[in-house]
Each structure stands twice: as structure tokens, then as C-alpha cells.
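Colleague: Sequence:
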Amino acid sequence: MPATTFLDSPQGRKLAYHRTEGQGPWVVFLGGLKSDMEGTKATHLEAWAKARGQAFLRFDYSGHGESSGLFEEGAIGDWHEDTLAVVEALTDGPIIPVGSSMGGWQALLLARAKPERIKGVVTVAAAPDFTEDGYWANFSPIQKARLRADGYVELPSDYMEPYRVSKRMILDGRDHLVLRDPLPLPFPVRCLQGTADSAVSTATALRLLDHATCDDMRLTLVKDADHRFSDGPCLGMIEAAIEDILHPAG
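For the sequence shown, the working numbering assigns the number 86 to the initial residue and increments by one for each residue that follows.
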């Protein structure tokens, strides 16, 4: 396996990445919260891209994987800055962000910041605005008091070890919400969502579909698929969604 390469971001972070040269547009994988670029979806799509000669980029946000920083100190805006840094430094021309979970939110932020670069967007269990609508809205009064007093709360997860949610993550998330203001997406968008996902509900996927302004946006619900969305059929659906943007039918 090729050695990991690092990019020094404008904010002084050291961001780990793997970059595969090929024909454009660049497919850029945006991972989920506390995930890294060695996950099944990222590495599978890299192998898929290499086999077809497609330009591909996967990377770790700061505080994730091999990149510098501590997860507990990061926030949505930091990871948006990381995404912008790697896209601007390591790709050129049109891009197709493929965002998983929190990466789906990052893909929407990227599309809002750089619409002229976007060929299309693929999301997998996208979790836009989850710091506000998932965390803060469901915190108990005790958790909210602890967040204010201690600066963090610890949350369990069905998919990873318990992790800390910081007060800064909540406050910073409010500066990057995408479901409160108009969200124009003037390019094809393909959203995939499992019905057995215990981390992101189908209601979130439907809310995004209803909220965005897009002439070519499709949501595919996959019965019994969970949040990982990483078995063979699900991975094939991600490939097909990218293909649909690369080579539209008709």
C-alpha cells in the first residue's frame, strides 16, 4: 500500500491523504465523524477508481486517523476548512464529493462554498445539522448543564466507543447549519439511506430532500441497511450513484 502523504493546511494542520491520479472529475471521499480514510467505503471506492482510471482522493480530517490534532478539540467548521484545503491543493477541475454521515454535511458545505467546482454530489446516510438537531435537541437538562459547566458531555455510540461532544462543537455547528436557509444545489445529487440506520433516520434524509432546491435530486431508501452501508450490495449502489453522475442516462 502506498505511504500516506501529508498536506500542511493554511490553518497549520497536518492532513493525511491518499491521492490517485486519473481522469476527471475527481471523486473525493468525505468520511464520517470519528471515521478515517481506511474505512471500508473509502478504500473500496479507491480500488474502484483505480480500476477505471478515475481520479480519487481520500483524507483524514484533523483529529481523525493519521492527521494532526485531537478529535475532542475539533468542530464542523474545522473539518470544513480541512475539506476546502485538500480540495483546493490536491484536485483541479470538476469534483464529485461522496459524503458519508457527517461527511454528507461536509459535502453540502463544500457545495455551498464551491458550487462552480461541483459536478454532482453523492451522500450516504447524510447527517446535516446533526450537532443541533441530533445532539443538542436530544440532550437532557442534566447533559446541557454538564456541557455548560464542564465544556463537554460523553455520548455512547452503536458504531464506535463513547466519545466526547464539546461545547465548541455545538456552538460551531450553529455557524454551519444547512437546513435553515435556502440550499441551492444546481447539479445532480444522489442520496442513499438505509432504513435500519440507528444513527441517522430516514426522516433526516427526507428533510434534506424536501429542503434543498435541486432539479435532479434522488433519494434511495435501502431496506434493512444500517449506518455502515458497507456490504457488497450497498457498496455497489454507491458506485452506481457516482456512475449516474459521471454518465447520466439519456
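To be clear, the hints were calculated from the coordinates, so they are not data collected in a lab. Some clues are possibly wrong.
Capping the alpha-carbon separation at 30 Å, the derived lysine-lysine pairs in DSS-like fashion look like this [what the hints assert, rightly or not]:
id	residue 1	residue 2
1	Lys308	Lys199
2	Lys135	Lys119
3	Lys99	Lys204
4	Lys229	Lys308
5	Lys252	Lys229
6	Lys99	Lys252
7	Lys204	Lys135
8	Lys119	Lys199
9	Lys135	Lys229
10	Lys199	Lys229
11	Lys229	Lys204
12	Lys229	Lys119
13	Lys119	Lys308
14	Lys135	Lys252
15	Lys308	Lys204
16	Lys99	Lys199
Colleague: All hints are to be evaluated individually against the structure, with a verdict given for each.
Modeller: Results for each hint:
For the hint linking Lys308 to Lys199, the alpha-carbon distance of about 33 Å lies beyond 30 Å, and the restraint is violated. For the hint linking Lys135 to Lys119, the alpha-carbon distance of about 26 Å falls within 30 Å, and the restraint holds. Restraint check for Lys99 and Lys204: satisfied, since their Cα atoms lie roughly 28 Å apart, inside the 30 Å limit. Restraint check for Lys229 and Lys308: not satisfied, since their Cα atoms lie roughly 35 Å apart, outside the 30 Å limit.
For the proposed pair Lys252 and Lys229, the alpha carbon gap of about 9 Å is at most 30 Å, so the pair holds. Distance hint between Lys99 and Lys252 is fulfilled; the C-alpha atoms sit about 24 Å from each other, no more than 30 Å. Between Lys204 and Lys135, the direct Cα distance comes to roughly 19 Å. Compliance with the 30 Å bound is thereby established for this hinted pair. This hinted pair checks out: Lys119 and Lys199 have alpha carbons roughly 25 Å apart, not beyond 30 Å.
Straight-line distance between C-alpha atoms of Lys135 and Lys229 comes to about 47 Å, which puts the hinted pair past the 30 Å bound. The suggested pairing of Lys199 with Lys229 is violated, with an alpha-carbon distance near 35 Å, which exceeds 30 Å. Between Lys229 and Lys204 the alpha-carbon distance is near 41 Å, which puts this suggested pair outside the 30 Å criterion. Between Lys229 and Lys119, the direct Cα distance comes to roughly 22 Å. Compliance with the 30 Å bound is thereby established for this hinted pair.
With a CA separation close to 25 Å, the supplied pair Lys119 and Lys308 stays within the 30 Å bound. About 41 Å separates the Cα atoms of Lys135 and Lys252, which puts this hinted pair outside 30 Å; it is violated. Proximity of Lys308 to Lys204 is assessed by CA-CA distance (about 28 Å); at most 30 Å being required, the pair is judged to hold. Restraint check for Lys99 and Lys199: the C-alpha separation of about 22 Å stays at or below 30 Å, so the hint holds.
Taken one by one, the earlier hints fail for this structure at numbers 1, 4, 9, 10, 11, 14, listed in ascending order.
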